[in-house]
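Engineer: Please take these sequences and the hints and turn them into a complete structure.
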Amino acid sequence: MTSNSIFIEVVNGCVEGINNQQRVKSLKHFFINGGKLFPSTIPILNKINFSCRNGDKIAFIGSNGSGKSSLLKVIAGIYPLKSGTVKTSGSFAAIIEMGAGFDMEKTGRDNIKMLMIYNNMLSKYTKQLEQEIIEFSELGDKIDLPMKNYSSGMMSRLAFSVSVLQDSDILLLDEVFAAGDSHFVTKSTNFMKNKMRNVPISILVSHQENIIKDNCNRCILLQNGSIIADGNPDEILKLYNGGEY
Amino acid sequence: MVGNTNLIKFFLEKKYWLSVFLLAKSTISNQTKDSFLGSLWSLFQPFCNIMVIAYFVGFLLKQPKEAMIMNLVSGLPLWSFIVNSLTNSSNSLINRGSIIKKVIISRTIFPISDCLAQVYTLLYSFLAMYTAFIILYPEKFSLSIVLVPILVLPLIICVMSSSILFAFLTPYIRDIPQLLNLVFSIVYWTIPIIYPYSMVPESKKILFEFNPVFLVIRPVQFLVTEGSPPNIFIIMKSCIVAVIVICLSYVGYKKCSKNVIYYI
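Here the protein sequences come in this chain order: Z and L.
Going by this note's numbering, the first sequence wraps up at 245, each residue one higher than the last.
Going by this note's numbering, the second sequence wraps up at 509, each residue one higher than the last.
Hint data in this document are derived by calculation from the structure and do not stem from the laboratory.
We put the CB at the ideal spot given by N, CA and C, even for glycine.
Incorrect hints may have been included.
[Claimed, not checked] Computed Cβ-Cβ distance ranges for the label pairs, DEER-style:
#1 Z:Val185 - L:Ile509: 28 to 36 Å
#2 Z:Asn20 - L:Val428: 51 to 59 Å
#3 L:Leu493 - Z:Pro43: 30 to 38 Å
#4 L:Cys484 - Z:Phe31: 55 to 63 Å
#5 Z:Thr126 - L:Leu493: 35 to 43 Å
#6 Z:Thr126 - L:Cys293: 38 to 46 Å
#7 L:Tyr365 - Z:Gln223: 45 to 53 Å
#8 L:Asn426 - Z:Thr41: 43 to 51 Å
#9 L:Phe289 - Z:Thr41: 17 to 25 Å
#10 Z:Ser63 - L:Leu427: 56 to 64 Å
#11 L:Ile509 - Z:Asn149: 27 to 35 Å
#12 Z:Thr126 - L:Phe453: 49 to 57 Å
Structural biologist: Structural data, given as structure tokens:
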């Protein structure tokens, strides 16, 4: 695939979730509290128009609940649109939450395979890649211990190492920079920065200004499920921090 | 988009089936993890069941006990496979909600892998029960038993496809697992498992011809109880049921799959 043919385009994208508070949970809830069999929907994203091409390093910013992660999940194909269209071209690596799917009873080595299933990269699994992951995580012999014996830092190291060693055209990251002790945080941050530079398109959800300024050339501000500003990271961060929107 | 991508496209990918196989293997190994006998429990328990039942049936029932035991050997593992597969897979997506909402993966992998784990249990329990039966009645051994893996295929296909349907339906209707249990407790008596098919009056046999569960387990039951392969009509009926279940499950899946993520 040529780098020019890699793109993301969302046109009039709307996403609606269901109102779980209204959803009937029992007969009592149905008859006494007025729970509904068919709960109403709640808007998550409203008429999103967004596109990006090769070379775009984008940061999604906004307050909690503004729709940043939801938009990332729409792009990744995890959330379907209620209306509108999303077109993408290029292979994806979506790191929404590191370590989603760890089996605590299994060893770190077994969990590498499990995470590769969940990251859709099982076809790339080789013993050599497994060794690269183990070396990057610096877990050494502990890789053959059950995960239930790992500290949270060790889990983060393994999760990060599996997640970032994915090769793709489009990299989607949701608050996934910090992992492990300070030495590993520095190493992983540098690795991630390098990776973001080398992939054709990267999209990052973050609240960390320094990471956004260092790694992104475009910033998108979301509020209540709508894009309200799109431009240079310095300008958009100034707007966001000033609260003038 | 993953949620809308053609199911058939996934089914043709080697990567898809490798993922299913690894998840099923993980489920199986977790079932008996760290136990001393490990997977031998899958053999030991059904073997003992048949031995104990054979002992009690011997003096409790007046009819020949071979017929009763043969019927159990041919029906019980298949019935347990249906019940366990559908009950487990109806919660496949809900139990893995935290993963499904965060990764790009075909969601059908989960019910299918849960079902595949039960296929393993089916094979082991059938093997153990048949071995116990042959130890008790060596004269009943027939080489045609090697046909079981082929004859059981329509049943496995039926259960796998309906497990996808129930996995995608349960997030919308959370009572599905309880409803399934109720239906199973009724259907259990409508198929010849604890009573031989030969005991059913001729006038009532027509009712069994409309029971899809009976039709899909019938080829294996016939093979074990009669000691010879079933005729082509029995096999065709089970294949027709499998095709109908696949079509119905696919329609249900298409209706439920798009927005299922919001209901998990």
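Engineer: For every hint, state whether the structure bears it out.
Structural biologist: Now the hints, each set against the structure:
Separation of Val185 (chain Z) from Ile509 (chain L) is about 33 Å and conforms to the stated range, judged on CB atoms against 28 to 36 Å. A C-beta distance of roughly 27 Å is found between Asn20 (chain Z) and Val428 (chain L), which places it outside the suggested range of 51 to 59 Å. For Leu493 (chain L) paired with Pro43 (chain Z), a C-beta distance near 34 Å keeps the hint of 30 to 38 Å intact. Under the hint 55 to 63 Å, the C-beta atoms of Cys484 (chain L) and Phe31 (chain Z), about 46 Å apart, miss the expected range.
Here the CB-CB span from Thr126 (chain Z) to Leu493 (chain L) is close to 41 Å, well matched to the stated 35 to 43 Å. A C-beta distance of roughly 44 Å is found between Thr126 (chain Z) and Cys293 (chain L), which places it inside the suggested range of 38 to 46 Å. Between Tyr365 (chain L) and Gln223 (chain Z) the Cβ separation comes to about 51 Å, which falls inside the hinted range of 45 to 53 Å. With their beta carbons about 31 Å apart, Asn426 (chain L) and Thr41 (chain Z) fall outside the hinted range of 43 to 51 Å.
Checked against the hint of 17 to 25 Å, the pair Phe289 (chain L) and Thr41 (chain Z) fails, with Cβ atoms roughly 52 Å apart. Checking the proposed 56 to 64 Å range against Ser63 (chain Z) and Leu427 (chain L) shows it is violated: the Cβ atoms sit about 47 Å from each other. Between Ile509 (chain L) and Asn149 (chain Z) the Cβ separation comes to about 30 Å, which falls inside the hinted range of 27 to 35 Å. One distance hint, 49 to 57 Å for the beta-carbon pair Thr126 (chain Z) and Phe453 (chain L), holds here, with the actual separation near 53 Å.
Checked against the numbered hints given earlier, this structure breaks hints 2, 4, 8, 9, 10; the rest are met.
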